[in-house]
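**Student:** So the sequences go chain by chain: A and B. Reading the first sequence from the start, the letters are residues 8 to 282 in the working numbering. Reading the second sequence from the start, the letters are residues 3 to 380 in the working numbering.
One or more of the hints may lead you astray.
To be verified - Here are the simulated lysine-lysine pairs, DSS-like style, with alpha carbons at most 25 angstroms apart:
(1) B/LYS327 / B/LYS264
(2) A/LYS47 / A/LYS275
(3) B/LYS268 / A/LYS275
(4) A/LYS275 / A/LYS17
(5) B/LYS188 / A/LYS280
(6) A/LYS52 / B/LYS205
(7) A/LYS17 / B/LYS188
(8) A/LYS274 / B/LYS46
(9) A/LYS21 / B/LYS205
(10) B/LYS130 / B/LYS261
(11) B/LYS268 / B/LYS330
(12) A/LYS52 / B/LYS197
(13) B/LYS327 / A/LYS274
(14) A/LYS280 / B/LYS8
(15) A/LYS235 / A/LYS192
As the list claims (entries may be wrong) - Between beta-carbon pairs, the in silico distance windows are:
(16) B/THR115 / A/PRO148: 30 to 40 angstroms
(17) B/PRO118 / A/ARG121: 26 to 36 angstroms
(18) A/CYS29 / B/VAL191: 25 to 35 angstroms
(19) A/GLU234 / B/VAL201: 52 to 62 angstroms
(20) B/ASP246 / A/PHE13: 13 to 23 angstroms
(21) B/SER44 / A/LYS263: 24 to 34 angstroms
(22) A/PRO157 / B/LYS244: 32 to 42 angstroms
(23) A/MET245 / B/GLN249: 35 to 45 angstroms
(24) A/ASP46 / B/PHE343: 52 to 62 angstroms
(25) A/LYS235 / B/ILE50: 51 to 61 angstroms
As the list claims (entries may be wrong) - To give a feel for the contact side, a few chain A residues facing chain B, derived at Cβ under 7 angstroms:
(26) ILE76
(27) ILE90
(28) HIS115
Derived from the structure by calculation, the hints contain no laboratory data. All C-beta atoms, glycine included, are put in the ideal place defined by N, C-alpha and C.
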Amino acid sequence: MIKTKFDYNKYLRKNTLPHIWCPGCGDGIILKALLRAIDKSGYSKDEVVITSGIGCASRLPGYVDFNTIHTTHGRALTFAIGIKMYKPRLKVITISGDGDALAIGGNHFIHAARRNIDLTLIVFNNYTYGMTGGQYSPTQPLDSYSTTTPFGNIEPPFDVCNLAQAAGATWVGRSTSYHAVQLEKFMVDALNHTGFSVLDVITNCHISYGRRNKMKSPVEMIKYQKEKAVPARSAENMTPEDLAGRFKTGILFEKKDMPEFCGEYYKKLETIKIK
Amino acid sequence: MTKNIKLMQGNEAIAEGAVIAGCDFFAGYPITPSSEVAEILSSKLPKIGRVFLQMEDEIAALGAVLGAALGGAKAITASSGPGISLKQEHIGYASMCEIPCVIINVMRGGPSTGLPTLPAQGDVMQAKWGTHGDHAIIAITPSSVNESLYETIRAFNLAVKYRTPVLILTDEIIGHMREKVVIPDKNDVEIIDVKLPGVPPEKYNPYNYTSGKVTPLAPMGEGYRYHVTGLIHGETGFPSQKTDVIQNAQNWLMDKIYKNIKDIEKFEEFQIEDADILLVAYGSTSRSSRQAIRMARSAGIKAGMFRPITIWPFPDEQVSKLSKKIKKILVPEMNMGQIIFEVQRNACGSSVYGLNVVSGEPITPDQIYEKIKEISKT
Ligand SMILES: Cc1ncc(C[n+]2csc(CCOP(=O)(O)OP(=O)(O)O)c2C)c(N)n1
Ligand code: SF4
Ligand SMILES: [Mg+2]
């Protein structure tokens, strides 16, 4: 079989490049996987809306040729809910950093999950506030260092996937910027899911996080992702001690045919509309 | 033709006006004394196939409103006091990205939780300066239930026409009182609709800073793909740090409002022709002022009133013109003195007096009349 090269130019806004990301940043790998996934899912550029918050990750929408909204810090899901509810035919994707999605945007995160609204949230989880120079984030591992935990972090981190599932998301998965092929596959799956889907992508910020935690090059960070990722199926046979300091990857939770908020709303309208 | 007259509450009139204006979308979070706007729209909007959302907080509510507005909705939110404080970041975003929306503020006493069920006019300066950075805003202060309905329709029109958030500032008195309202027929009021731009997608720029004309906001999902960001952006919508782009963008946010002030301004003058004392009063305070003027006139004191209906942009020209003729000006407000500074700024040599009541009670005609008498002796 002849493998044709994917034409990223079809989706990139070339006049907005070069991007702001540091050389070696994981965000570009996720961007490319996202473009391939959207292409595979068959959505047209006109029907895709991408909202994002604020941060390095959240700069993504500016570079891609869809309907794109770079909103305020933490609030991207609220804009996504607004446009999805008003125009349900649109495919709405939200891009957030870990700080964006889980610190300042944590409330919107759990409520979007609770509603099970048909949106896909992709969390670019680099364990840090990359854009503002590496302060600690709500996913930063215990005992690691940042510009605001100079003596080591004592706050336990969120597990994005457990939180999403507990709050009501009906598709939950995790991959990394190392597992680029798997990442694309999970994105296609998340995009095809009807309901709130959350994909946690462990990505590298060697600049703001890595160099304070003995991983100052992108290579070391990519190695970390490779070594610490445990496929969900393998994890089943591992002890908590084996799993310490590692994270599960895979489609971790999926529940089909659950009531989806946008669909339920318009179904309800049918029963009350005054003709 | 028989008139459609109803007895209505102020908050109900706002909901009614929104529906007449073609409102498609409401998102809010409950707070006294504005909750009735949400409650009424939670029934009205679904009945006409539109969207009502109760969000997790006021920031989310305005975020959802702006998301829907980018899709082409005529969208509204309503709140009070603490809720309006939470909305400030997204008011700035709407200003910066030029997204039309209507924000109802049924004012209650502040700061903080303040006086949930009692009236105040403490948010007029917040309406202008609440969010960070320079930007113009349109804010409207209706003084009756009937006016609440018509000004809500006008707010939607101005929002779409100038691509800006428009605030309506009522207060607990107007929001909760019941009065006669003449419900207009849809065909009897001007309604400005959201339209597709007159150019094909490949020629469309979401912003224009130099032609003097407001570019229509293309509803997303209709083939006009563009980028929206709260970063300073050029006419294509993409972020820019070029000094000339920054300057143009900043100028435009002011110019599009201030250069169209004749179209945006609205005011009422009451018995000012021969007045020796001018009251500048807005919202519910103008009602007591009107009565106080009648009391003063029957006692032989010639008082009159200038009532801004559009409070922002402030009617500088009218106030300065009037102050050339009338040398004593009284500004009664249910706050510690806010609009009085705007009046002073425009007063050409007149003496400006304040009457400030912040007790949770409306300012009474008697209180204003006493002040008029006092001023008349100076
Ligand atoms: C309301 C508000 N607070 C703070 C900031 C400053 N700020 C910008 S980005 C950011 C953190 C970004 O971290 P994350 O969401 O993890 O994204 P990353 O840069 O790591 O991709 C912060 C705190 C802001 N822009 N707005
Ligand atoms: S600071 Fe970190 S997250 Fe931001 S672009 Fe650089 S490497 Fe990427
Ligand atoms: Mg981060």
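**Student:** None of the hints should be skipped; say for each whether it holds.
**Tutor:** Hint-by-hint comparison with the structure:
1. B/LYS327 / B/LYS264: Between B/LYS327 and B/LYS264 the Cα gap is close to 22 angstroms, so the pair holds against 25 angstroms.
2. A/LYS47 / A/LYS275: violated, 33 angstroms
3. B/LYS268 / A/LYS275: violated, 41 angstroms
4. A/LYS275 / A/LYS17: violated, 39 angstroms
5. B/LYS188 / A/LYS280: Within the cut-off at roughly 20 angstroms; holds.
6. A/LYS52 / B/LYS205: holds, 17 angstroms
7. A/LYS17 / B/LYS188: violated, 46 angstroms
8. A/LYS274 / B/LYS46: Since the Cα atoms of A/LYS274 and B/LYS46 sit roughly 17 angstroms apart, the hinted pair holds (cutoff 25 angstroms).
9. A/LYS21 / B/LYS205: holds, 17 angstroms
10. B/LYS130 / B/LYS261: OK: B/LYS130 and B/LYS261 at ~17 angstroms, within 25 angstroms.
11. B/LYS268 / B/LYS330: holds, 23 angstroms
12. A/LYS52 / B/LYS197: The given pair, whose Cα atoms are some 21 angstroms apart, holds under the 25 angstroms limit.
13. B/LYS327 / A/LYS274: Between B/LYS327 and A/LYS274 the Cα gap is close to 63 angstroms, so the pair fails against 25 angstroms, i.e. violated.
14. A/LYS280 / B/LYS8: Holds, because 24 angstroms separates the two Cα atoms, which is no more than 25 angstroms.
15. A/LYS235 / A/LYS192: holds, 20 angstroms
16. B/THR115 / A/PRO148: 30 to 40 angstroms: About 39 angstroms separates the Cβ atoms of B/THR115 and A/PRO148, which means 30 to 40 angstroms holds.
17. B/PRO118 / A/ARG121: 26 to 36 angstroms: holds, 27 angstroms
18. A/CYS29 / B/VAL191: 25 to 35 angstroms: For B/VAL191 against A/CYS29, whose Cβ atoms are near 55 angstroms apart, the range 25 to 35 angstroms is violated.
19. A/GLU234 / B/VAL201: 52 to 62 angstroms: Since the Cβ atoms of A/GLU234 and B/VAL201 sit about 54 angstroms apart, the hinted range of 52 to 62 angstroms holds.
20. B/ASP246 / A/PHE13: 13 to 23 angstroms: violated, 38 angstroms
21. B/SER44 / A/LYS263: 24 to 34 angstroms: Since B/SER44 and A/LYS263 have Cβ atoms about 30 angstroms apart, the given range 24 to 34 angstroms holds.
22. A/PRO157 / B/LYS244: 32 to 42 angstroms: Distance hint for A/PRO157, B/LYS244 holds at roughly 38 angstroms.
23. A/MET245 / B/GLN249: 35 to 45 angstroms: Given range 35 to 45 angstroms: violated, Cβ gap about 60 angstroms.
24. A/ASP46 / B/PHE343: 52 to 62 angstroms: holds, 58 angstroms
25. A/LYS235 / B/ILE50: 51 to 61 angstroms: The hint (51 to 61 angstroms, Cβ to Cβ) holds, given that A/LYS235 and B/ILE50 are roughly 53 angstroms apart.
26. ILE76: With a minimum Cβ separation of about 5 angstroms from chain B (threshold 7 angstroms), the hint on A/ILE76 holds.
27. ILE90: holds, 4 angstroms
28. HIS115: holds, 6 angstroms
Violated hints, in rising order: 2, 3, 4, 7, 13, 18, 20 and 23; the structure is consistent with all others.
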